[in-house]
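Novice: So the chains spell out like this:
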Amino acid sequence: MNDQIVTGSDPGAGADAGGRRIGVYVCQCGGNISDYVSVDDVVAAVKDEPGVVVARTAMFTCSDATQQEIINDIQDQGLDGIVVASCSPKLHTFTFREMSKRAGLNPYEYTQVNIREQCSWTHTDDKAGATGKAARLVRAGIARTSLTEPLEPIVVETVPNVVVIGGGIAGMRAALGLAEIGLAVFLVEKEAELGGWAAGFAEMYPHGRDGRDLVTRLEERIRRHPGITVFTDAEVVGKSGSFGKYEVGIQVGREQAEAPAPKTQPPGTPKPEISRPGMPQLGTPEPGAITVKAGSIVVATGFDSYEPQEGEFGYGLDGVLTLPEFKRLVDSSDGPLAYGGRPVRTIVYIYCVGSRQAEGNEYCSRYCCTAAIHSSLQVATRDAAPVSRYHLYRDIRSYGRYEPLYNESREKGDLYLRFPDEEPPVVAQASSGDGGGATTAKDGDAGHGYRLTVTTRDLLTDGAELLIPADLVVLVTGMVPRENDDLVKVLKLPVGNDGFFNEIHPKLRPVETVVDGVFICGACQGPKNSTEAVASGLAAVTQSASILKRGYAELDPLIAVVDPDTCEWCGLCLEACPYEAPRRVEQDQEAAGGADQEGVDHRGADADHRGADTDHRKMVAVIDRVACKGCGGCVPVCPRNAIDLLGYTDAQMRAMIDGLLQEPTPCRM
Amino acid sequence: MSAGVNGATLVRPALAGRVGALEEFNASACMNCGVCTAVCPMGIEVLPRRLFRYVLLGMEDQVLEQIESIYSCLLCKMCEVNCPAGVHIAENVRSLRHHINRTVFGL
Ligand SMILES: Cc1cc2nc3c(=O)[nH]c(=O)nc-3n(C[C@H](O)[C@H](O)[C@H](O)COP(=O)(O)OP(=O)(O)OC[C@H]3O[C@@H](n4cnc5c(N)ncnc54)[C@H](O)[C@@H]3O)c2cc1C
Ligand code: SF4
Ligand code: SF4
Ligand code: SF4
Ligand code: SF4
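Line by line, the protein sequences give chains A and B.
At position 381 of the first sequence (counting the first as 1) the number is 381 in our numbering, and the numbers step up by one without a gap.
Every number in our numbering is 1000 more than the matching position in the second sequence, counting from 1.
Chain B with its partners taken away, still in its complex shape:
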């Protein structure tokens, strides 16, 4: 699905748009500081820095590999209140779940 040329993953900007408009899914504001990873009580390593980048770059396969993590998030917003870039992390997770619910689980 995300295959590109010579093993490179093809970037598809439209995935992010389908997950949520910029106002809802504002992951691009992330500056990769890592605070969210450090404070997450669930120790969800991949959330949200890399996960969101998969979405932004349209790497759908990689997103789906992380379904486990995406659904173990408590939506506690510990990360969100600490994020220096104002990323609505928990809201973004919610948008992503909504997208997966629709497209993968047919809910």
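Isolated chain A, as found in the complex:
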């Protein structure tokens, strides 16, 4: 730690803020901040704020050495509140909360102020302005800290069961992974068979393994595992309870009347012995609705293939196939490729159909370049008679380890033609009358009537306009989200703009959703090939294990609380809450609940079961501590101002605004 150190500059100052003793640390971030924010000026501007007893700068506040120095300050100076002005709270909130814990300080007495993303990185053209803004933000952080209270995490018991929804390759692998670490798994598949898309493929990239084999083997292991109960022809139709102990309703046999008996157990495999404590007793599931308890839910409901519009790149014409249709054709025989009873001499592939659209599906579907190249290679390596293969593409994205497939295909004679975005290829039915067109009798093609013609420009050949007679046109169709509105409603799954399910953070929390205990994996969260789908399935296993294997989970206590004396139960908070956290209870019961809130594992629902005398009681709102996410949505709608958000109370917000607006601007301008 270096530069300016101001310690106990004004021993009397602390008294103004209810005797708080606050330490303020302004980070240079090794120049990231200090190049554009004068950190010394920030320290000078806030060191005399009420309650501040230590104010200093540091080169890297997050470094182990500086953290240790702060811990020493907390212990030596008896600090009871910490402000670190550095980077985004997304990056280091937990770092400094943990540091506080190590120092014996309640972690919720700590405030992170962001002067990097919000000051130095944003105002590179205005050092004085950036410095002034930083000082105001830090002052607001100090104001908040002077009103913090120690809070304890909410501890929730978890049951060691998981419901996996979707039995594609991602869900199957996840189910097995979960069972292998000792969790009980309920695998719920909508269709009659497990396997999803992969179950329909023969050879798959990158290793040429047969998808059907892969699925069969996985299924054998799943069926054999005593910890997994498989429900096919089944859907999740309800979820209640709260995190840690969800009650999940499963409808087995969609059309109850005519549903075939669910094939959860092939003859000869042992029935799952479900005897662990906390696990429901289940035999072979009967058609009908059942309820299971689950500590977490893994959603692996997969994708659909883009369905082109009638006429889009000739879709609807005989010989124009989507990639899945073509894959089926290629997989269906080992011999020379034939279609409609005739040998196939020329295939034209059109890439990015349904993906990378200016309007519509903006994303790249990731799997399709490689899958198309791979299918084309299947054709190239098996046919004795040469099949001409033209790939009309925009960009080839055979990323990472799939590049060798692209190289191999070019070496095997596949020809890649790049068409301009603004002038996509045109597919038409070949007419025998169009002169040199469709039915060319030249070049050894004598008598071979082509069904189709494709007109395209090739940017790699001077932008020449070319006419390709073809037997097959393969539309390299992308992935689209599978229609799953009912499930989205039941689980309150977050859906992104593109229609796929959303994780909390694509890099740092890639399988968690905003709903505690609900994880997503596989292609339901965005285009993935099977390798990637399985990897994310296993990530969901680890995340589930991390909350279920301990038997309990800790939640942030930054939640809404209702003052029962002010509340008159109008229900507006319940309407505003996306998580249905507020409940209507009698005031007395609420008080009991309120007392409970100091303890652990309280759920507002419990209040409903207390059979107290109900006469002459006032009804009030109580907020379920586990269901509440602390979003604050209910706070402003309460007409009686009865709701406060712990950690962001009205008093704290007001103090922060005062801090932000305190004049004069403290820095040289």
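Since the hints were derived computationally from the structure, they do not count as laboratory data.
Cβ coordinates follow ideal geometry from the N, Cα and C atoms, glycine included.
Hints are supplied without guarantee of correctness; some may be wrong.
Chain A stretches covered by chain B per the calculated footprint, using a threshold of three residues with CB under 8 Å from any CB of chain B [as the list claims (entries may be wrong)]:
#, region
1, 410-420
2, 464-477
To give a feel for the contact side, a few chain B residues facing chain A, derived at Cβ under 7 Å [claimed, not checked]:
#, residue
3, 1008
4, 1009
5, 1010
6, 1011
7, 1013
8, 1022
9, 1028
10, 1029
11, 1032
12, 1053
13, 1056
Starting from the known structure of chain A, fit chain B with the ligands onto it as the hints suggest.
Specialist: Using the frame of chain A, we list chain B with the ligands on its own:
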């Protein structure tokens, strides 16, 4: 000869086959990086990226327009040793010359 419909050039896959089998005439492996053009001491601009594509697409007229370039290649293989895609550029030029010798010059 290469006329198609509405001005579009008709693609005829067989030309490449007549110039040479895939093992000899391996132009499709080209990934269009342009290194060959950059290193060619003769500064033959059209060789071999576009020229070979004309062959692959069966654009015979365009090939014949380039006879000058095709015969000014030194076969020095500067391009070939630098080609990241392993295209036998000089060999391909040779195959092409052989084809033209036969079909155009009747040699
Ligand atoms: C033509 C084509 C070729 C491909 N080739 C390859 C390849 O060679 N190599 C490769 O790695 N990848 C390939 N892929 C990609 C691969 O198919 C996917 O990565 C993989 O299938 C994703 O697995 P998943 O389990 O996430 O989804 P899916 O396979 O879609 O499985 C999802 C499962 O969830 C079920 N489900 C959906 N909704 C519900 C619900 N509400 N309740 C219960 N169950 C539900 C579905 O019935 C399905 O069984 C190809 C894809 C296509 C279209
Ligand atoms: S992976 Fe699919 S969407 Fe992406 S560039 Fe290739 S064909 Fe287009
Ligand atoms: S803070 Fe948000 S999640 Fe909590 S009760 Fe209010 S609206 Fe619901
Ligand atoms: S072999 Fe021909 S094309 Fe290649 S660098 Fe030499 S002269 Fe140029
Ligand atoms: S150097 Fe090779 S890959 Fe690059 S453009 Fe020339 S022939 Fe093609």
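Novice: Confirm or reject each hint.
Specialist: Hint-by-hint comparison with the structure:
With 6 residues having a Cβ less than 8 Å from any Cβ of chain B, the region 410-420 of chain A passes the three-residue criterion, so the hint holds. Taking a C-beta to C-beta cut-off of 8 Å, the region 464-477 of chain A contributes 6 residues in contact with chain B, enough for the three needed, and the coverage statement holds. Interface restraint check: residue 1008 of chain B against chain A, minimum CB-CB distance 4 Å, threshold 7 Å, status holds. For residue 1009 of chain B, the shortest C-beta to C-beta distance to chain A is roughly 5 Å, which falls under 7 Å, so the interface hint holds.
Using the Cβ-Cβ criterion of 7 Å, the hint placing residue 1010 of chain B at the interface with chain A is satisfied: the shortest such distance is roughly 5 Å. Taking 7 Å as the C-beta cut-off, the interface hint given for residue 1011 of chain B holds, the closest approach to chain A being about 4 Å. With its C-beta approaching chain A no nearer than about 4 Å, residue 1013 of chain B sits inside the 7 Å limit, and its interface hint holds. This hint holds: residue 1022 of chain B has a C-beta 5 Å from the nearest C-beta of chain A, less than the 7 Å allowed.
For residue 1028 of chain B, the interface hint holds, since its Cβ comes within 7 Å of a Cβ in chain A; the closest pair sits about 5 Å apart. Checking residue 1029 of chain B against chain A: minimum C-beta separation of about 5 Å stays under 7 Å; hint holds. Checking residue 1032 of chain B against chain A: minimum C-beta separation of about 5 Å stays under 7 Å; hint holds. Hint status for residue 1053 of chain B: holds, given a least beta-carbon distance of 5 Å to chain A, under 7 Å.
Given hint, residue 1056 of chain B at the interface with chain A, holds; its Cβ is 5 Å from that chain's nearest Cβ, closer than 7 Å.
Hint violations for this structure: none, all hints satisfied.
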